[in-house]
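J.: Starting from the known structure of chain A, arrange chain B on it as the hints suggest.
Listed below are the residues making up each chain.
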Amino acid sequence: MNSRDNDRQRFFTRRAALLAGGQLGLLTALVGRMYYLQVVESERYHMLAEENRINMRLLPPSRGRILDRFGVPVAVNQQNYRVLIKSENTPDVSAVLDRLAMIIPIDADEKARILKEIRRKKKFVPVTVREFLEWEDVARLEVNAPDLPGVTIDVGERRYYPNGIAAAHVLGYVGAPRREDLTGDPLLELPGFRIGRSGVERAFDKPLRGKAGASQLEVNAVGRVIRELDRQNGDAGRDVVLTMDLALQRSAMRHLGDESGSVVVMDVETGGLIVQASTPSFDPNAFTEGLSNSQWRALADNERAPLRNKAIAGEYAPGSTFKMIVALAALEEGVITADTSFFCPGYLELGDGKFHCWRRHGHGHVDLARSIAESCDVYYYEIARKVGIDKIAKMATRFGLGTDLALDVPGERSGLVPTKAWKRAVIGSPWVVGETLVAGIGQGFVLTTPLQLAIMTARMVNGGKEVLPHLARDVVQRGELAERAPVEPKSIGVNPRHLDVMMKAMAEVMEDPRGTAHAARIKVPGFSMAGKTGTAQVRRISLRERDGGVIKNQDLPWKFRDHALFVGYGPIEKPRYAISVVVEHGGGGASVAAPIARDVMTETLERDPARLAPGADVAGLHGPARQGT
Amino acid sequence: MASFGDAQPTIRQKLLRLNWELVLLIVLTASIGFAMLYSAANGNFDPWASRQISRFSVGLAMMLVVALIDIRFWLRASYPIYGLCLALLAAVEIMGSIGMGAQRWLDLGFFQLQPSEVMKIAVILALARYFHGFDVDEAGRLRNLWIPVLIVVAPIALVLRQPDLGTAMVVAMVGGSMFWLGGARLWQFGVVAAGVAAAVPVAWQFLHAYQKQRIFTFLNPENDPLGSGYHILQSKIALGSGGMFGKGFLEGTQSHLNFLPEKQTDFIFTMLAEEFGLIGGVGLIALYGLLIAYGIFIAFRCRSQFARLLAMGLSVNFFLYVFINIAMVMGILPVVGVPLPLISYGGTAMLTVLIGFGLIMSCWLHRDMHINRRGGLA
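Protein sequence lines, in the order shown, are assigned to chains A and B.
Numbering-wise (the numbering used here), the first sequence opens with residue 1 and increments by one.
Numbering-wise (the numbering used here), the second sequence opens with residue 1001 and increments by one.
Just chain A, same shape as in the assembly (with noise of 0.2 Å):
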């Protein structure tokens, strides 16, 4: 018995000690797992532990606002009023919904955009039932807060254009980045957030953006916020001055009224554009918003084309408006001199054509100044023949025209300024003698935008400087705004005293009681004014026609009408501002265009900055006019 016992001891010893040891080793082996988790690959899972609890929300910048040369905000940001709905707080979300329709409309389309919206996400997290709210909305939703649990009123920002109309092709507007836009930024990709798309707007969308805040959350593995670890408050855009001044674009847009068409007012010393309207214009905060599919139609269908920048995208023939560079091809080519005289009977005779001046029965003995103050065409047709188009053309360029003219926005059209090898390139044909007739009083080939004609304009009058314009007092740089370096332009290389001549012409067309545009001179006493008077056929008048009496522009259709031209400059004495306005299909330059161009020149004159504000920071202002003051 006892021996048994001993033996079953001994045996249940033996196998209890290797089961013990089992046991130890196992527990080693826990201990090895643990150094291995809690050690070793500790800072993968700190890692992972950090990715877990935190989450990074961004802070969108505020963006910045655009200013005139004043000061003047004609961009900012306006609070924005959301309605949100946070499903947690709330019982039954489609009677809420309901009871919150009787205060702001939600159509059923909305509510179940809104419903899918609410179970897609989770329950504590926001759903926007309605943004862009108005203030009494706003009011009302507070005062029936009791009513509405879990729904709540948030403020945002959005983009608004006090004066939007008046510059929406300057400023452009915002809308949602598209696919294309995305860069990986991730701030793009936060719900109503605006980019730049066109104007100012995109030009410098860059500084204007800011740069993004963001929160450091720790959350709880279902999302929810329990406290803020860290904030970094971003940068806000920086604001953009403009050269332009709000008081004079919106005269500016006023005075074309009905009218489509554009006004460029720019600083000749400086290039800065202190007008630059376009006509039909469209409200910028609509973008803002986002466009319904008929309002998009409806501006992208209109043969006016309001949704089209016409100050730097329109392209017309200059009509009179370009003689000034034929009479300076032929002056600077020595083919005239300033008193060159010739004939006009009225037209010009070349093989089987004859080339007709607008004035049917001539100006007789015709001298260079009288040709550009009664604007005669044969003149010009005489001179366009003597000096050849690649002359004329070669002329042009030096004055901006045909070329891009590096606009600091986007949208710019370079127009056209033919040459015998072009239209052998393009056309095909070679060149015959009677287009460059056609061309020497600014038809056919010849086209230019309202910018490239005060572009002219104030080369003519700056002392034949190659100024370039811009809208804003700022150029951006990697990104960033950075101050426009002042370069004193190079010279467009043209003799000034046939400049002189041609700017003494020009006063004579407004101050000669012969002068084209005499009726519309200016009359308050101190201001002055010159110019050049231009109508552009955009018709073919026919032999027939022109026998039985061309018709009057008041019987064609719209599209058939002349375009109206002006280019000026004021004042005279002391040439500061270049003006050129183009009403499309508006007839006679004289009646139409001349009187609109008097009435912003004479504005911009009273606004001038060294008159208003003496010794001001004014944008777009640089050089001799800040030193004379």
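Read the hints as simulated data drawn from the structure, not as lab findings.
Be aware that one or more of the hints could be misleading.
With beta-carbon atoms standing in for the labels, derived distance ranges [unchecked claim]:
{"id": "1", "chain 1": "A", "residue 1": "Val225", "chain 2": "B", "residue 2": "Ile1053", "range": "52 to 58 Å"}
{"id": "2", "chain 1": "B", "residue 1": "Trp1187", "chain 2": "A", "residue 2": "Leu24", "range": "23 to 29 Å"}
{"id": "3", "chain 1": "A", "residue 1": "Ala482", "chain 2": "B", "residue 2": "Ile1279", "range": "54 to 60 Å"}
{"id": "4", "chain 1": "B", "residue 1": "Ala1203", "chain 2": "A", "residue 2": "Lys122", "range": "39 to 45 Å"}
{"id": "5", "chain 1": "A", "residue 1": "Lys121", "chain 2": "B", "residue 2": "Ile1279", "range": "38 to 44 Å"}
If you want the footprint, here are the derived chain A segments under chain B, 3+ residues with CB under 8 Å [to be verified]:
{"id": "6", "stretch": "44–55"}
{"id": "7", "stretch": "133–144"}
{"id": "8", "stretch": "220–226"}
Backbone N, C-alpha and C define an ideal beta-carbon position, used for all residues, glycine too.
T.: Coordinates of chain B only, in the frame set by chain A:
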């Protein structure tokens, strides 16, 4: 030799001889549990820590009572207790099949009893009782082994039907250990191992979809980080991010932000290791090691085969709880739902473990007692 058996020690003597250092270790371990439950409730005694403390107090009292009861009583009561537990388990199974789903407990009003937990102790008692009656070479005979096999297989069959794979495995392993200690031959273990290996593909067919999923997930948790792999992955993240010294008491981000599931029950070790790091985790494992070693030490000191087998079996049982739970939260074993003894929130497990230690202490108090094969004094 029989000098001791004649003089029955009084309760007072027994209390004096009780291994209080073991009681102290148990209280210490349980206190760590209270602290973790306090942390799991984000620094509140409610709802877990306070209830756990009161349960532990009741359990501790029960442990002492069990310890003081004569070991021979336990020997004689072994089969009745086993029978009662089997009946309870069957009752749960029947009630469950009536339509309450996978319900694993009986509602006793003040307490929800999980018969499958108590069953582990009953199996150990019954097997210790059985093998107590045989010599080593007799015990190893096949004709003497079919009854203990039945003792183990019957509860496993019931538990598997619930289905509770974890408990079934623990019962099987505890039973196996008892066979190993009681005298089963090595070749018999070889045959069983081969049989199990052959049966795995067949058994696979009977597993529930969620059980299969758990095994797949265990094999590759990163495959499905937001679905079934979530628990294991988050647990590993919590452990790993705890590092050497932990994030500090109440500072565990994974557990307090609810990334860690079941942090008050099955995953409480993870929480401890997140807040107290490798030092805390290894410390607790060492504490468990001491408790297990103490049980084994007592088993070696017992003169009766019943007490030896009982003390050793209970130690193995306790070890299995510890090992399976910790291995599970560290991703070594599949998630099977085994609590961390003395620490996880839960009534039955706590009670079972304390009763187990009560029995181990009874073995200690009656270690020198010679018990004949019928259950009387030798």
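J.: Against this structure, judge whether each hint is valid.
T.: Here is what the structure says about each hint:
1. A/Val225 / B/Ile1053: 52 to 58 Å: violated (34 Å)
2. B/Trp1187 / A/Leu24: 23 to 29 Å: holds (26 Å)
3. A/Ala482 / B/Ile1279: 54 to 60 Å: Once the Cβ atoms are compared, 58 Å apart, the range 54 to 60 Å for B/Ile1279 and A/Ala482 holds.
4. B/Ala1203 / A/Lys122: 39 to 45 Å: holds (40 Å)
5. A/Lys121 / B/Ile1279: 38 to 44 Å: Hint holds: Cβ distance 42 Å, inside 38 to 44 Å.
6. 44–55: With 8 residues closer than 8 Å to chain B, the stretch 44–55 of chain A meets the three-residue bar; holds.
7. 133–144: violated (count 0)
8. 220–226: That given contact holds, which follows from 4 residues of the stretch 220–226 of chain A lying within Cβ reach (below 8 Å) of chain B.
Comparing the model with each numbered hint stated earlier shows that hints 1, 7 do not hold.
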